[in-house]
Structures are given as C-alpha cells and as structure tokens.
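Colleague: Sequence:
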Amino acid sequence: MGEQADISSAEEAANDPLVLAFGRLQGAANRLEYILGRALEEECGISHLMFEVLLILGRAGEPGLSMRAIAQEQVLTTGGATRLVDRMEAAGLVERAEDPGDRRGRLVRLTESGEQTAVRASRLHVENIRRYFLAPLPTEDHERFAEDLRILSHSARDVLPRLP
Numbered sequence: 001m002g003e004q005a006d007i008s009s010a011e012e013a014a015n016d017p018l019v020l021a022f023g024r025l026q027g028a029a030n031r032l033e034y035i036l037g038r039a040l041e042e043e044c045g046i047s048h049l050m051f052e053v054l055l056i057l058g059r060a061g062e063p064g065l066s067m068r069a070i071a072q073e074q075v076l077t078t079g080g081a082t083r084l085v086d087r088m089e090a091a092g093l094v095e096r097a098e099d100p101g102d103r104r105g106r107l108v109r110l111t112e113s114g115e116q117t118a119v120r121a122s123r124l125h126v127e128n129i130r131r132y133f134l135a136p137l138p139t140e141d142h143e144r145f146a147e148d149l150r151i152l153s154h155s156a157r158d159v160l161p162r163l164p
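Position 47 (the sequence shown) corresponds to 47 in my numbering; numbering is contiguous.
Please note that a few of the clues may not be correct.
As the list claims (entries may be wrong) - Simulated restraints on C-beta separations: (1) Glu3 x Glu41: 40 to 46 Å; (2) Glu115 x Leu152: 26 to 32 Å; (3) Gly23 x Glu62: 28 to 34 Å; (4) Glu42 x Glu115: 18 to 24 Å; (5) Asp141 x Arg106: 42 to 48 Å.
Keep in mind the hints are simulated off the structure, nothing from the lab.
The beta carbon of each residue, even a glycine, is placed where N, CA and C say it ideally should be.
Please model the complete structure; the sequences and the hints are all you need to start from.
Modeller: What follows is the structure, given as structure tokens:
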C-alpha cells in the first residue's frame with residue numbers, strides 16, 4: 001500500500017487507470033446525488049441530507065440520537081448538524097427530547113410527520129435508485145456491486161477521524 005505510483009507527468013496522471021476509475025466513481029456519485037436529491041426536493045420538499053438524517057433516526061428508533069451521533073454519521077460538525085436539525089425541527093420533521101440516560105442531554109427523534117416523510121421519500125428514492133443506479137448495470141452484478149459499495153463505505157468510515 002505504501003508503494004508510490006509511477007507517474008511523471010500530468011498526462012500520465014490524468015490517464016492512470018486508478019485515477020480514472022476513482023474519477024468515474026466520484027462523477028457517477030455526484031450525478032446520481034444531483035438526480036436523486038433533486039427528486040426528493042421536488043416531490044417531498046426535503047434535501048437529500050435531510051432524508052439521510054430521517055433514515056438515521058428511523059434506524060436508531062427510540063429514544064433518538066444525540067447531535068454528536070448524527071454529526072458523526074453524516075460527517076458533519078456538531079454545529080452543522082445542529083443547524084440542519086434546527087431546520088428539520090422548524091419543518092416539523094424531528095423534535096428534541098430529554099435524554100433518559102443523561103439529564104443534561106437532548107436527543108433528536110422523528111415526529112409523526114418525519115416518519116411519514118421518511119416513508120414517502122423512501123418509496124420515491126427506491127424507485128429512482130432502481131431507475132438510475134441499478135437499471136444500467138447487468139442484473140447478475142447487482143448483489144456484488146451492493147456488497148462492494150458496503151465494503152468501501154465501511155472501510156472509508158473506519159479511516160475517518162472521530163469528531164471531537
């Protein structure tokens with residue numbers, strides 16, 4: 001892993017197979033993010049980041065999650081997570097509640113409206129994932145591709161420094 005690539009010019013760098021592969025991955029992710037995020041905004045009135053927080057909270061269940069846990073999961077600062085949750089709270093999607101394990105702490109949890117929005121947005125999202133993400137790929141590769149993405153995601157997550 002510590003081996004340095006044999007690249008001696010910008011042209012070689014631009015045409016390196018690994019650089020090209022990662023660039024394609026990033027480009028595809030950016031384009032899909034735009035397509036799927038725009039659909040969520042137009043159809044459900046939420047950003048893709050808000051949708052991800054709804055999913056995180058849905059996965060966590062009761063009693064909810066701390067702001068730090070939300071920030072860590074989304075690779076946000078705690079200030080960024082707080083501003084996002086403030087907007088989501090103003091929209092009626094989440095609420096803050098006392099932390100039963102820490103009298104000083106507050107947890108974020110879904111409201112009924114947040115639950116309904118998560119379900120509606122997920123149905124749309126799954127439809128669009130099938131259309132734009134899976135349909136272009138051979139059917140026999142879908143499971144392996146999903147597993148490879150899981151491995152990459154966990155590997156990258158494990159290398160990230162923990163938020164203070």
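Colleague: Indicate, hint by hint, whether the structure satisfies it.
Modeller: Hint check:
1. Glu3 x Glu41: 40 to 46 Å: holds (44 Å)
2. Glu115 x Leu152: 26 to 32 Å: With a Cβ separation near 30 Å, Glu115 and Leu152 satisfy 26 to 32 Å, so the hint holds.
3. Gly23 x Glu62: 28 to 34 Å: Violated: the Cβ-Cβ distance is about 42 Å, outside 28 to 34 Å.
4. Glu42 x Glu115: 18 to 24 Å: holds (21 Å)
5. Asp141 x Arg106: 42 to 48 Å: Given about 44 Å between the Cβ atoms, the range holds.
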